[in-house]
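Letter by letter, the chains look like this.
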Amino acid sequence: MIPAAFEYIRAHSADEAFAALQKHGAEARVLAGGQSLVPAMRFRLARPAALVDINAVRELDYIRLDGGLTIGATARDSAVERAPWIKDTTWSLLHDVSRVVADPVVRQMATVVGSLCHNDPAGDWTTAALAARAEVLVRGRSGERAVPIDEFLVDSFTTAVAEGEIALAVRFPGSGDRTAGSYQKVERKVGDFATAAAAVQLTLNADGTIKAAGVALSAAGPCAVRVPQAEQRLVGQKPTADLIRAAAEAASQKSEPQADLRGSVEYKKHLAGVLVSRGLRQALARLGVQA
Amino acid sequence: MSIEAKSERHALGHRMKRKEDPRFLQGKGNYVDDISLPGMLYAAIVRSPYPHASIKNIDISEALKVPGVKAVITGADLEAAGLGWLPTFHGLDKQMVLAVGKVLFQYQEVAAVFAETRAAAYDGAEAVQVEYEPLPVVADPFTAKKDEVILRPDREKKTNHIYHWEVGDRDATARALESSPKRVSQRIWFQRCHPAPLEPCGCVAHFDTMGRLQFYVTSQAPHVYRTALAIVTGIPEDKIHVISPDIGGGFGNKVPVYPGYVCAIVGALKLGRPVKWIETRTENLTSTGFARDYHMDVELGASADGRLTALRVSTAADHGAFDAAADPTKYPAGMFGVVTGSYDVPVAHAEVDAYFTNKAPGGIAYRCSFRVTEASYAIERAMDILADELGIDAVELRRKNFIKKEQFPYKSVLGFTYDSGDYHKTLDLALEKIGYKALLEEQAEKRARGELMGIGFSTFTEVVGAGPSKHFDILGIKMFDSAEIRIHPTGAGIVRAGTKSQGQGHETTWAQIVAEELGLDPQNIMVEEGDTDTAPYGLGTYASRSTPVAGAAIAIAARRVREKAKKIAAHLLEVGDGDVEWKDYKFQVKGVPAKSVTMKEVAFAAYTNPGPNEPGLEATNYYDPPNMTFPYGTYIAVVDVDRETGEVKVRRFLAVDDCGTVINPLIVEGQIHGGLAEGFAIAFMQEIQYDSEGNNLNTNFTDYLLPTSLETPHWETANTVTPSPHHPIGAKGVGESPNVGSPAAFVNAVIDALSPLGVRHIEMPVTRDKVWRTIRDAEAARK
Amino acid sequence: MKVSIRVNGVAYERDVEPRTLLAYFLREECHLTGTHIGCDTSACGCCVVVMDGDKAVKSCTMFAVQADGHEIMTVEGLAQGGALHPIQQGFWDQHGLQCGYCTPGMMLTAYVLLGQNPNPSEAEIREGLAGNLCRCTGYQNIVKAVKQAAEVMRQPAPAAQ
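Residue numbers (our numbering), protein chains in the order written: chain A, 12 to 302; chain B, 3 to 785; chain C, 195 to 355.
Treat each hint with caution, since some may be false.
The list that follows gives simulated cross-link-like pairs (lysine to aspartate or glutamate, DMTMM-like), each with its CA atoms no further than 25 Å apart [as the list claims (entries may be wrong)]: (1) A:K98 to C:D262; (2) B:K785 to A:E267; (3) C:K249 to A:E267; (4) A:K200 to C:E318; (5) B:K30 to C:E207; (6) A:K280 to B:E509; (7) A:K280 to B:E781; (8) B:K772 to A:E267; (9) A:K200 to B:D644; (10) B:K67 to C:E211; (11) B:K30 to C:E265; (12) B:K30 to C:E222; (13) C:K196 to A:E27; (14) C:K249 to A:E92; (15) A:K200 to B:D693; (16) A:K98 to C:E321; (17) C:K338 to B:D156; (18) B:K30 to C:D246; (19) A:K200 to B:E453; (20) B:K448 to B:E509; (21) B:K30 to C:E316; (22) A:K280 to B:D705; (23) A:K280 to B:D642; (24) A:K280 to A:D166; (25) A:K280 to B:D644; (26) B:K72 to C:D262; (27) C:K196 to B:E118; (28) A:K280 to B:E453; (29) C:K249 to A:D72; (30) B:K72 to C:D209; (31) A:K280 to B:D779; (32) B:K19 to C:E345; (33) B:K651 to C:E318; (34) B:K72 to C:E345; (35) C:K196 to A:E18.
Everything labelled a hint here was simulated from the structure, so no lab data went into it. Keep in mind it's a predicted model, so treat the numbers as computed, not measured.
Build out the structure end to end from the sequences listed, making use of the hints.
Right under this line is the structure:
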């Protein structure tokens, strides 16, 4: 219950953090919220020789509305949850997610970027990022690069952040008017990982047809998974009950969950469909549309 | 909705705020991990990853090199000191302290490391190298029964069968069932769960300069620990001082003596320094006393119009690797014989066969009242199944078969004499408060639309207050309890009892009893428990026995104080003893109410002017209860089931309890709320599961689920009062009733919701997946 | 490693291993044992303290070195000038505690909650406390306690004499 010993480095700038990570390579881990890392260290499942604490790097602690939404590496989940604009329909997907990640105390330390870097198969932010087509800003030896979320999420607990690199921010593109989303999560209790969850984001055209659709599932594979079959089905169409049913069915098919104490494979696949259906209905309702 | 307060009486019945709260509110509680002694070392335990394996070798050399590590002990060291095994509280078995020869469950204790710091102790534990040779695993009692792999070669009889217990008339029950016009049978499994108090178990052991063992420990029964330790270690009992400090929840988890405790004592002795051992949550869930794990085959017979004819229950009990179920000696299956519940059953038979498996030992915990939770669940589920079979309303079936008020004291065919009850009254109050008729109408409407709404009942009777010396003992010690009361010159006082609160509020309720009997201010009656040097010998607090037994001892001791005080009053009033009476909380001259003295004045006189009487004002009572007490209740759950996700929403839950005289309604309500939350957790989300290889799957709060404030329903409470005729203040126990009664109410409600689909039973925990699959399978079967 | 942490307004300077969890620092270096440890997986909330006045953190999921230079309030810092905080009073009046083990963390989470939402509904209280477990109370009286505290804290402060 006490972690193995490690060296602690407190960075005061992004440069300092990056230099420390380059120096220690695979032996170092970034400490931001620590809400996934510290528990793993307490069980000695993670035994980094060095922790690079970036919580004092002020330049990474920001949330910016800049046409889109950019969240710095040390911005807390709770800062998103309580942002003055979080109730805007256009950010409704993130609004929903920010209320169900972990628990309300953990959210006060946990970070959005940290969650993306951790890439738990049942993560919430990863799923939302897929549906919202986000990209992650990563700093490597050759400078900064923007990695689209689809490429960023590689495998369970594995991302495009290589040894010695650091993720600096996540950017959610702005989608203008007539955008709404929904995050539907079934969990056995607050604080549990999702039994199943679906992130949905829709943008409508002026004529009411669907301009853009993002559909992603949590706890449905080695990492959060997009359902392009559902998205393609939705785009260009007017929202109807049948359309929603088809998208839900596609999601159910795409879902490849593991059986575990939370539920069987068939239950989770079934839930994936139900939650996409409910998510689509809620997103549409937020746009004043009944399907 | 709340428990009725009888506020016109002096102190009994007041919704008094708790006296113990100020220290907890300010973070000044004194829990065992708060204790720090000079030179204190820390212990950490090395545990087996294998459920069943021979130990080939234990290499402690690397561990000893870890900076800060002072010593490492193994089973061999303990065996050499005669401490390899310790007797379990049930007394029919023993348990390894540290594994000797082999390990029998995953996470079993194998070695103990003592170090200067907590971190060094964990580092040292990590460095101990153990070579195991895995053995075949026995993962359930049905496999164990086959005796293909004998788990306990140390025992005389080479079998996994631990004991057979039965009660009732086997042949008459069989005949009655054979000839019953209607009959239902169901395998009902009460799953293995764990009480998981938020404070884990732990201790600090210290041999002081007088050679006495000072032992601070999370114990619900400190005196029994002292005696047990004296027997096990050979240290004379006067040289052992057990102190239970503040305890952060017990729920039966802190009754057994755990290997970590013995290791800490051995470490302290060996190293001449205090040793602290505090377990982690993982250790708590995987190695300390679990609860339940009863596979019950229940058969209930009835006439065509619903009169019960017979009940038969045959149970396979999974006890884990050692029989560490802390039952009274003559009751290896606890109070399971109360399985006839609230009903007038003419003939019945119950039997339990217990088996060893490769799992953690235990069985008696989690507010079970010694297996009453299992028994109550079985009968309350069976009644609903029978009602479904007969096509009779579940409430009417119960009402028809209730033991009637006139039948008390009621002797059940399985040997219990129920002290008092008025089941019909409590049921009627519950039906009124829940608005039963309106709910039935709503349900009919919803059913017509295909919506799944359920109303579930549990009309339980349980049995607490162990117990009469004729029947009950733990390791031979009779299950009395005790009180010592001393009143000071200024009218304040102290009461010491043999019980040990872990949150039940004894510092307030015991003071209320004394205050009521003596007309004093409960704020100035100090209550002390848990220090074996000063508290009179008691059997501790568990199975809701404190109020029935210690509460009685306190009342009687207080009355003895009053008897003595009366003599001093007579002296002060200058009349004969026989001319004084205790009236309106004062001593009055009979017929001359103006001539009176208060207890406060008498207290002062006891020290300043006792007259011909012995000075001082104190008394003691050791109370041997004449019978158990039988609290009961009607619980009603209203649920709505989401077909698509299988989620069950508990819309309402009403608990109407009858625990006889209520000492403090605020505290009783709190106990009910807490117990209902535990019953809710058990019904919907809790299980300690082992896979077929013996791996424990629920080792932490990520997978052993405790509901939060968001999942936990709102509780409606009410009560009726049917005093216990044999208890000095008419009180029964109550803390365990909500856990005893509620799981069946929840599950009966879910089944009621699913009954239009032809569903008759579902196993706990009632998870979303199970509900969804049950609905899907039922609908498929109907096509 | 040297750290300096202000706890309840008092500066504590200690030399600790980086792996020392904040919970143990508070309990064993500062001898403030009101912060409790109840689980291994950051689920129970018994260890919650307030960081920098407005953030509830699980101190078992944080290293003391992370808190270097920061302000921590533990349960021992709630009462001011010998008077119980309205949250403490609420828990007492409403029987919001039984064994007391979850109580410090529960009250401090409520402290931060009420700082952000001075008039929470029952649902908001239950949501806000869902990171803190209790085994004894079934939560109902805890909710009542927080509601009472919120009401008291919304009263205008008495005018200075």
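A quick look at each hint next to the structure:
no.: 1; hint: A:K98 to C:D262; verdict: violated, 35 Å
no.: 2; hint: B:K785 to A:E267; verdict: violated, 29 Å
no.: 3; hint: C:K249 to A:E267; verdict: violated, 38 Å
no.: 4; hint: A:K200 to C:E318; verdict: holds, 16 Å
no.: 5; hint: B:K30 to C:E207; verdict: holds, 23 Å
no.: 6; hint: A:K280 to B:E509; verdict: violated, 53 Å
no.: 7; hint: A:K280 to B:E781; verdict: holds, 19 Å
no.: 8; hint: B:K772 to A:E267; verdict: holds, 20 Å
no.: 9; hint: A:K200 to B:D644; verdict: holds, 16 Å
no.: 10; hint: B:K67 to C:E211; verdict: holds, 19 Å
no.: 11; hint: B:K30 to C:E265; verdict: holds, 21 Å
no.: 12; hint: B:K30 to C:E222; verdict: holds, 14 Å
no.: 13; hint: C:K196 to A:E27; verdict: holds, 20 Å
no.: 14; hint: C:K249 to A:E92; verdict: holds, 13 Å
no.: 15; hint: A:K200 to B:D693; verdict: holds, 23 Å
no.: 16; hint: A:K98 to C:E321; verdict: holds, 18 Å
no.: 17; hint: C:K338 to B:D156; verdict: violated, 55 Å
no.: 18; hint: B:K30 to C:D246; verdict: holds, 23 Å
no.: 19; hint: A:K200 to B:E453; verdict: holds, 24 Å
no.: 20; hint: B:K448 to B:E509; verdict: violated, 49 Å
no.: 21; hint: B:K30 to C:E316; verdict: violated, 29 Å
no.: 22; hint: A:K280 to B:D705; verdict: holds, 21 Å
no.: 23; hint: A:K280 to B:D642; verdict: holds, 23 Å
no.: 24; hint: A:K280 to A:D166; verdict: holds, 20 Å
no.: 25; hint: A:K280 to B:D644; verdict: holds, 17 Å
no.: 26; hint: B:K72 to C:D262; verdict: violated, 32 Å
no.: 27; hint: C:K196 to B:E118; verdict: holds, 20 Å
no.: 28; hint: A:K280 to B:E453; verdict: holds, 23 Å
no.: 29; hint: C:K249 to A:D72; verdict: holds, 15 Å
no.: 30; hint: B:K72 to C:D209; verdict: holds, 23 Å
no.: 31; hint: A:K280 to B:D779; verdict: holds, 17 Å
no.: 32; hint: B:K19 to C:E345; verdict: holds, 20 Å
no.: 33; hint: B:K651 to C:E318; verdict: holds, 18 Å
no.: 34; hint: B:K72 to C:E345; verdict: violated, 55 Å
no.: 35; hint: C:K196 to A:E18; verdict: holds, 13 Å
Comparing the model with each numbered hint stated earlier shows that hints 1, 2, 3, 6, 17, 20, 21, 26 and 34 do not hold.
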